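Protein chains in written order, with my numbering: chain D, 1 to 263; chain W, 1 to 372.
Incorrect hints may appear among the rest.
Here are the computed lysine-lysine pairs in the BS3-like style, where the Cα-Cα straight-line distance is at most 30 Å [claimed, not checked]:
1. W/Lys312 to D/Lys129
2. W/Lys312 to W/Lys224
3. D/Lys245 to W/Lys312
4. D/Lys259 to D/Lys129
Hints are computed from structural coordinates only; laboratory data are not their basis.
This structure is a prediction, so every number in the text was calculated from the model and none was measured.
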Amino acid sequence: MARASIAIHKLTSCSGCQSVILNMGENLLTLVQLVDIQHFIEAGVNNPDAQVDIAFVEGSISTHEDEERIRQVREQSRFVVAIGACACSGGVQALRNVKDSEHWASAIYADPGYLDSLADSRSVAERVKVDLQLWGCPISERQLIAAIRALLHGVPPVLPTEKVCQECKRAGQVCVLVSQAAPCMGPVTQAGCGALCPSFGAPCYTCFGPSEQPNCDALGERLVGLGIPANQVAERFVSISAGVKPFQNAWARWRIPLKELEP
Amino acid sequence: MNQTAFLPHRHLDKLFDLLHSDGFRVVGPTSEQGAIVYREIDTVDQLPAGLVDHQAPGRYRLEQQAHGRYFDWVGTAQGLKPWLFTPEQPLMVAREVAGGLRFEAVREEVPLTAVIGLRGCDLAALALQDRHFLQGEYPDPHYQARREQLLLIGVNCHRSAATCFCVSTGDGPEVGEGTDLVLDELDQGFMVQACSARGRALLVRLPIRPLAGGHKRRSKALRKQARVQQRALPSRDLRKPLYLARDDETLWQSVADRCLTCGNCAAVCPTCFCSRVDEESPLDASESTQVRRWDTCFNDEHSYLVGHVVRKSAVHKYRQWLTHKLAIWHDQYDRSGCTGCGRCITWCPVGIDIVEETRRLCTEVKTREPGE
Numbered sequence: 001m002a003r004a005s006i007a008i009h010k011l012t013s014c015s016g017c018q019s020v021i022l023n024m025g026e027n028l029l030t031l032v033q034l035v036d037i038q039h040f041i042e043a044g045v046n047n048p049d050a051q052v053d054i055a056f057v058e059g060s061i062s063t064h065e066d067e068e069r070i071r072q073v074r075e076q077s078r079f080v081v082a083i084g085a086c087a088c089s090g091g092v093q094a095l096r097n098v099k100d101s102e103h104w105a106s107a108i109y110a111d112p113g114y115l116d117s118l119a120d121s122r123s124v125a126e127r128v129k130v131d132l133q134l135w136g137c138p139i140s141e142r143q144l145i146a147a148i149r150a151l152l153h154g155v156p157p158v159l160p161t162e163k164v165c166q167e168c169k170r171a172g173q174v175c176v177l178v179s180q181a182a183p184c185m186g187p188v189t190q191a192g193c194g195a196l197c198p199s200f201g202a203p204c205y206t207c208f209g210p211s212e213q214p215n216c217d218a219l220g221e222r223l224v225g226l227g228i229p230a231n232q233v234a235e236r237f238v239s240i241s242a243g244v245k246p247f248q249n250a251w252a253r254w255r256i257p258l259k260e261l262e263p
Numbered sequence: 001m002n003q004t005a006f007l008p009h010r011h012l013d014k015l016f017d018l019l020h021s022d023g024f025r026v027v028g029p030t031s032e033q034g035a036i037v038y039r040e041i042d043t044v045d046q047l048p049a050g051l052v053d054h055q056a057p058g059r060y061r062l063e064q065q066a067h068g069r070y071f072d073w074v075g076t077a078q079g080l081k082p083w084l085f086t087p088e089q090p091l092m093v094a095r096e097v098a099g100g101l102r103f104e105a106v107r108e109e110v111p112l113t114a115v116i117g118l119r120g121c122d123l124a125a126l127a128l129q130d131r132h133f134l135q136g137e138y139p140d141p142h143y144q145a146r147r148e149q150l151l152l153i154g155v156n157c158h159r160s161a162a163t164c165f166c167v168s169t170g171d172g173p174e175v176g177e178g179t180d181l182v183l184d185e186l187d188q189g190f191m192v193q194a195c196s197a198r199g200r201a202l203l204v205r206l207p208i209r210p211l212a213g214g215h216k217r218r219s220k221a222l223r224k225q226a227r228v229q230q231r232a233l234p235s236r237d238l239r240k241p242l243y244l245a246r247d248d249e250t251l252w253q254s255v256a257d258r259c260l261t262c263g264n265c266a267a268v269c270p271t272c273f274c275s276r277v278d279e280e281s282p283l284d285a286s287e288s289t290q291v292r293r294w295d296t297c298f299n300d301e302h303s304y305l306v307g308h309v310v311r312k313s314a315v316h317k318y319r320q321w322l323t324h325k326l327a328i329w330h331d332q333y334d335r336s337g338c339t340g341c342g343r344c345i346t347w348c349p350v351g352i353d354i355v356e357e358t359r360r361l362c363t364e365v366k367t368r369e370p371g372e
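Sequences are here, hints too, so could you generate the full structure?
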């Protein structure tokens, strides 16, 4: 049987998910024995036009170039796997999809006229057909390996859609929402990270996107009830995975427009 | 015949020394990330001296008090469950060998383990987990291996948290049967009761004194104080009202609207025992491990049958959890699955209260006209 070929493409992103692959150590050596890596710019392999079996796509559709590029990637790849919060949800840069963002460019850039980007940041699946999504900011090495292993076997990978709370409890962590009134997003966020932030006493930031059946209304109501200002509750929902519907709806419910808050 | 004596506070370390010299690791309460948790500990200094817990629906806080009592807290974040029914348990490994596959069961060496600090509700839950994992047709070897190595040191509660309702389930605040030693902590020391041959063998080697009349009187009063609880389930067997409530989905909507279906209640419940099995392989597929993980009836996958999630909504999930715990359990295990520890109330991120919900369900089901 011919070796499978893969490509790792980068759209608008911080390259953190590519870094996860580069940091796999022994698993990276095993991977290059199992597949031909045709394109992986962070590792110095530059052949973006290669026809491959599996294309991993990091980053969101945020520029005209990204739009063109993702159409090409789809045409030249058998399977397209979106990796990371940017590719799965639009990422941090999807914050500009929400209404308070008009003034940001001028607040940050000296000359925003040079910016050439789309009005919105979109997930890969909003532009082309995606065969699999691996969430995370960054992705989890463990999930990536399990997914590649399953794809090489020719079966769909099993990915958890349960809440972060489940992993948190299995790891024996103390709930930071209950013990510290911390605004933890674990109850509406998909598992996959192994409850990384709560294991350091910090609340969850939604890196792995919305879980199955996310009850954002009830969680938001609880956080507001704990005395956390409504605008801060709104912002908790649109940080890492800002572009997805359930989180945007929650943001819309609790946000107070910035201009109303101005003195 | 139970034997009781007095152990001065300053000599509790002698109990640790004895356990260590008998080859036990000691698992006991300690404070971590703002809560009392069971961890392997080496010395009495790691016990939560003077710490008391304040619990409410969705809330847990510790307060440092001036007294030096080690066991004045009431509830730990988790009970004994993770030490026996481990959250992630490898069951079996398959390896590729010449001519086929070799399957090997995973078996572990478990050290002798003494657990100190267990409450009546924890020990009643242990008896229920024993019933499920050991007394059925297929005893669970992983649970069994850990269970056989246990020595149990219970503590009678002298106060109750606001979330406690063990009096109504009949499981506390005093420790029931099945322990080796039971402690009542007084200001100057411990009333120590040996309840097994192993317990007696420990007790006689401790620097104990005979009990004084004041010790008994004081501990009795303190135990009485712990019986004053704010919460109570309507009765021990709730099959009748809950089986009626089960058939009316509208009764469950108000709690389902608040429920996050996060499964924290089931994860902290000392009697919940559901699991799933995941298959895990390294990248080179040289072997394959079956790993058993804690699961809950709040996960979609838990009721996934031939391409269909049977219990998809929060109404169905919460109803499953509550009716199984308080009603169906009677048919399976001859008693309710709840021991009144209140963990599901405290550790619910939105503070859903099983006692309040059960009382509401029982009341509303009664006031409905038949056929309505």
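So, going through the hints one by one against the coordinates:
no., hint, verdict
1, W/Lys312 to D/Lys129, "holds, 27 Å"
2, W/Lys312 to W/Lys224, "violated, 45 Å"
3, D/Lys245 to W/Lys312, "holds, 20 Å"
4, D/Lys259 to D/Lys129, "violated, 39 Å"
When held up to the earlier numbered hints, the structure conflicts with 2 and 4 and fits the remainder.
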